[in-house]
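Quick note, the sequences are listed as chains E and G, same order. Just so we're aligned, residue 1 is where the first sequence starts under my numbering, counting upward by one. Just so we're aligned, residue 1 is where the second sequence starts under my numbering, counting upward by one.
Take these hints with a grain of salt, some might be off.
What the hints assert, rightly or not - Cβ-to-Cβ under 8 Å is the rule here; a few derived chain G residues that face chain E:
hint : residue
1    : A9
2    : N92
3    : F94
Stated by the list, open to error - A short, non-exhaustive set of chain E residues, derived as facing chain G with CB atoms under 7 Å:
hint : residue
4    : A34
5    : V99
6    : A101
7    : L107
8    : I115
Said to hold, decoys possible - According to the in silico footprint, chain G covers these stretches of chain E (three or more CB under 8 Å from chain G):
hint : segment
9    : 64-77
10   : 119-130
Honestly, the hints are just simulated from the structure, not real lab data. Backbone N, C-alpha and C define an ideal beta-carbon position, used for all residues, glycine too.
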Amino acid sequence: MGYYVVEQPKGPQAPAATVLSVVDLHKSYHDTVAVDGVSFHVGRNEIVGLLGPNGAGKTTIINMLLGVLEPTAGTIRIEGMDIAAQRCRTLERTNFAAVYAPLPGNLTVYQNLRIFSLIYAVDDFSRRIDEVLRQFDLERLRNTRCGVLSSGEQTRAGLAKAMLNQPHLLLLDEPTASLDPASARDIRDRIREFAAREDTGILWTSHNMVEVEKVCDRVLFLSHGKILLEGNPKTLPGEHGKQTLEDLFIAVAREPLTLGGNET
Amino acid sequence: MICRHRVAAIVLRQFYLIRGSIARTLPLVVWVAVDIILWGFITKYLNAVTSPGFNFVPVLLGAVLFWDFFTRVMHGVTTAFLEDVWSRNFLNLFATPLTISEYLTGLVLTSIVTSSIGLIVMLVLATAVFGLSFFAFGLILVPFLLVLFLFGIALGITAAGIVLRFGPASEWFIWPIPALLSPFAAVFYPLATLPNWMQYVSYTLPPSSSSPASSSPASTATPSAPAC
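The task is simple: from the sequences and hints, build the whole structure.
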């Protein structure tokens, strides 16, 4: 069985409607290479899945996109602006949600949203906070400390924060990891609605391949810091002789060297 | 460029935290009040048992007040910073347009407010209960308070750097910093009291060069001379 290696774009060749453009991104810690020459783009109103086994480099990439980790090499452009040169401007219209970064538990949902509305300079913050509270069914928890919320409620509060500034680029690191199937479906629908309504590009990591197939327009398979495969999640497994996206994921996780060495 | 609204966000977060918790409100006033009461009575006792003419109130109680102010300034920055360490909030904060300068400015403003509350409580107690005349120190008070304030801010930021570099457990290194510096600072006694090697260390510390104790008549270490 042969696989192809995705040709990595080396220059600014992403489509005009691109919200995120990553070119030849590297991150090393001494001798350990965490991200090894990754290039990809995310378009407006597009949901791109960043998939890969634990330790593949997904969270490292997200941290570099958020400007909290400095790349060893490579460029990241958000709406055409280089994050290294214009950090503040690029992050004004970017946001993220991740299970490992919950809102501080010692403040209420409203207090946290009020603080982030100031940081992002949200116009008419009162109306916007009411909107996101309503969107994520958090109105009754408005004055509840985040630390006493259930994990599902905390996830919703984190997503409310992530959408507060109506970002053009939204980074979601396993956004439904702690949700029951009904809540997860509900959240997926709301995120898709948001992406369509706000013309937002979304980079979504998940280990739930069923979810990825339902939500993502395109997926990138990452292993050992490199993108091995890229394509439509509905057709990609068949193109590579696999029944499901999960089968393909397992193949990528178990045989990354084989995948990388057999170009078709 | 520093954006005011982002600085305001950092101050607002600290305001919400302090307002919503008696465990954060009380320490702003209780420890400084306890210190002033304890040292106030010690100075009264010393005044009673030593030869008349030397007043320990401005020398000793004034020094306690100054040093507590410095400690509160430093802890004001450190505690506000540690709130974000304890709640693991750095990723949320620094994945935004917030810059390090804006964050530090927010911490410093928070510290100005919290240390001012402590200073007011100390002044009221020291003046009303023990008769300390704060203004008797004269104009030297202004630069000295400024030096203590800046030194407190600088040490607070250094302490935050230590925690960032060595991890959250290193907070136990930073709480005792004021106590470790106090023998060298020459705030409680004139610089000349110290042995030579300690004086060399003292000269490197900003408070010792502008301390009222080191420049007051008490620096001659003659107990009969009033400190101010």
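Hints, verified against the model:
A distance limit of 8 Å between C-beta atoms decides the matter here; for G/A9 the minimum to chain E is near 4 Å, and the interface restraint holds. Checking G/N92 against chain E by beta carbon gives a least distance of about 5 Å; that is within 8 Å, so the hint holds. The closest approach between the C-beta of G/F94 and any C-beta of chain E is roughly 5 Å, which is under the 8 Å cut-off, so the hint is satisfied. At a threshold of 7 Å, the smallest CB-CB gap from E/A34 to chain G is about 17 Å, leaving the interface hint violated.
A distance limit of 7 Å between C-beta atoms decides the matter here; for E/V99 the minimum to chain G is near 12 Å, and the interface restraint is violated. Given the 7 Å rule on beta carbons, the hint for E/A101 holds: about 4 Å separates it from the nearest Cβ of chain G. Annotation: E/L107 was flagged as interfacial toward chain G, and the flag holds, the nearest CB pair being 5 Å apart, inside 7 Å. This hint holds: E/I115 has a C-beta 5 Å from the nearest C-beta of chain G, less than the 7 Å allowed.
Look at the segment 64-77 of chain E against chain G: 3 of its residues bring a Cβ nearer than 8 Å to a Cβ of that chain, three or more, so the hint holds. Only residues whose C-beta sits within less than 8 Å of a C-beta in chain G count toward coverage, and the segment 119-130 of chain E has 3 of them, enough to reach three; the restraint holds.
This entry does not satisfy hints 4, 5, going by the numbered hints stated previously.
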